[in-house]
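Generate the whole structure from the sequences, applying the supplied hints.
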Amino acid sequence: MHQINIPEFALERGRKVRPELSLNPSKTAVIAIDLQRFFIDEDQPMGNPHTKDILDNVNRINAALRQQGGLVVFTQHSFAKPGETVSETALASAKPVPGSRSFELHPDLVVSDGDVRLVKHQSSPLHPMAFSGLGNLLRERAIESLVVCGFASNGCCDCTARDAAQYGYQVVVASDATAAVTDEEHNAALMNLAIYYASVQDTGELIQLIMGRS
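So for the sequence shown, the numbering used here puts the first residue at 1; every next one is plus one.
Treat the hints as calculated values from the structure; they're not laboratory data. Note that the structure is predicted; figures quoted are calculated from it, not measured. Any given hint could be a false lead.
[Stated by the list, open to error] In silico lysine to any residue, SDA-like type, Cα no more than 25 Å apart, as pairs: (1) LYS95 to VAL181; (2) LYS52 to VAL111; (3) LYS52 to GLU42; (4) LYS52 to HIS121; (5) LYS81 to ASN136; (6) LYS52 to CYS159; (7) LYS27 to SER123; (8) LYS27 to GLY168; (9) LYS27 to GLN68; (10) LYS27 to ARG117; (11) LYS95 to PRO82; (12) LYS81 to GLU104; (13) LYS27 to GLN208; (14) LYS27 to GLU140; (15) LYS52 to LEU109; (16) LYS52 to MET191; (17) LYS95 to LEU109; (18) LYS95 to ASP53; (19) LYS27 to ALA165; (20) LYS81 to GLY155; (21) LYS16 to MET191; (22) LYS95 to LEU105; (23) LYS27 to LEU137; (24) LYS27 to ASN136; (25) LYS81 to HIS127; (26) LYS52 to ASP108.
Below is the structure:
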């Protein structure tokens with residue numbers, strides 16, 4: 001698990017430009033970014049122990065939001081081009097493409113029947129060229145707030161949080177349910193997001209907000 005250290009000045013600057021954080025669970029979605037074997041398992045090219053460490057917290061946040069009527073979305077990043085027919089060679093390669101082992105969500109994740117899985121082709125599932133359908137889904141469900149967790153805090157999670165803020169969503173980043181390769185990268189990403197784009201909360205704080213015990 002990362003040693004998280006976000007400077008107080010960053011948190012304070014963020015609080016000055018954002019309204020006090022509150023969540024309406026029925027209008028909130030968790031976006032669990034790319035928690036695939038490719039980014040977690042030790043035998044994978046980008047396997048990362050920090051990402052495996054956060055899975056329990058991701059499950060806890062998701063369970064709380066499901067209980068309160070919110071939406072849980074899992075994204076899976078594909079290295080195949082949109083609409084591309086995946087060859088046997090691609091399936092056998094280490095790259096995550098639909099149908100390959102590396103593309104699969106990690107088995108320690110709890111995925112429920114009402115959850116949504118989306119394939120994306122860019123870092124942010126909200127980017128038009130990601131072809132994920134996330135934007136339409138959020139509008140159909142009248143979602144107002146997004147909780148971002150997953151991998152990588154300084155990569156796809158960062159891009160997702162920035163895009164979500166630009167589209168007018170209230171954005172929360174789960175500090176101990178996101179991961180990078182090093183503590184330095186993780187803390188730098190959280191600091192910058194806290195200043196400009198998102199409220200940064202740990203799992204315990206988030207669950208209290210979701211359950212209405214803030």
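Results for each hint:
In summary, the hint linking LYS95 to VAL181 is supported, as the alpha carbons are separated by about 18 Å, within the 25 Å threshold. The suggested pairing of LYS52 with VAL111 holds, with an alpha-carbon distance near 16 Å, which does not exceed 25 Å. Only pairs whose Cα atoms come within 25 Å are accepted, and LYS52 paired with GLU42 is accepted, the gap being roughly 10 Å. Annotation: proposed proximity of LYS52 to HIS121 holds, straight-line Cα distance about 23 Å (limit 25 Å).
Using a Cα cut-off of 25 Å, the hinted pair LYS81 and ASN136 holds, with the two alpha carbons roughly 21 Å apart. At roughly 21 Å between alpha-carbon atoms, LYS52 and CYS159 fall within 25 Å of each other, so this suggested pair holds. Simply put, LYS27 and SER123 have alpha-carbon atoms about 24 Å apart, close enough for the 25 Å limit, and the pair holds. Note on LYS27 and GLY168: the hinted pairing holds, with a Cα-Cα distance of about 14 Å set against a maximum of 25 Å.
Taking the CA atoms of LYS27 and GLN68, the gap is near 10 Å; set against the 25 Å cutoff, the hint holds. At most 25 Å may separate the alpha-carbon atoms for a hinted pair to count; LYS27 and ARG117 meet this at roughly 18 Å. For the hint pairing LYS95 with PRO82, the CA-to-CA distance comes to about 15 Å; that is within 25 Å, so the pair holds. Proposed proximity of LYS81 and GLU104 is supported: the alpha carbons are some 17 Å apart, at most 25 Å.
Annotation: proposed proximity of LYS27 to GLN208 holds, straight-line Cα distance about 16 Å (limit 25 Å). Distance hint between LYS27 and GLU140 is fulfilled; the C-alpha atoms sit about 11 Å from each other, no more than 25 Å. Between the alpha carbons of LYS52 and LEU109 the distance comes to roughly 10 Å, so the proposed pair stays at or under 25 Å and holds. Distance restraint check for LYS52 and MET191: the Cα-Cα separation of roughly 22 Å lies within the 25 Å cut-off, and the hinted pair is therefore satisfied.
The straight-line distance between the Cα atoms of LYS95 and LEU109 is roughly 20 Å, inside the 25 Å bound, and the hint therefore holds. Pair hint LYS95 plus ASP53 holds up; C-alpha atoms about 22 Å apart against a cutoff of 25 Å. For a cut-off of 25 Å, the pair hint linking LYS27 to ALA165 stands: about 16 Å separates their Cα positions. For a cut-off of 25 Å, the pair hint linking LYS81 to GLY155 stands: about 20 Å separates their Cα positions.
With a C-alpha separation of about 15 Å, the suggested pair LYS16 and MET191 falls inside the 25 Å cut-off, and the hint holds. This hinted pair checks out: LYS95 and LEU105 have alpha carbons roughly 14 Å apart, not beyond 25 Å. Straight-line distance between C-alpha atoms of LYS27 and LEU137 comes to about 12 Å, which keeps the hinted pair within the 25 Å bound. Straight-line distance between C-alpha atoms of LYS27 and ASN136 comes to about 14 Å, which keeps the hinted pair within the 25 Å bound.
Restraint check: the Cα-Cα separation between LYS81 and HIS127 comes to about 15 Å, which is no more than 25 Å; the hinted pair holds. Only pairs whose Cα atoms come within 25 Å are accepted, and LYS52 paired with ASP108 is accepted, the gap being roughly 9 Å.
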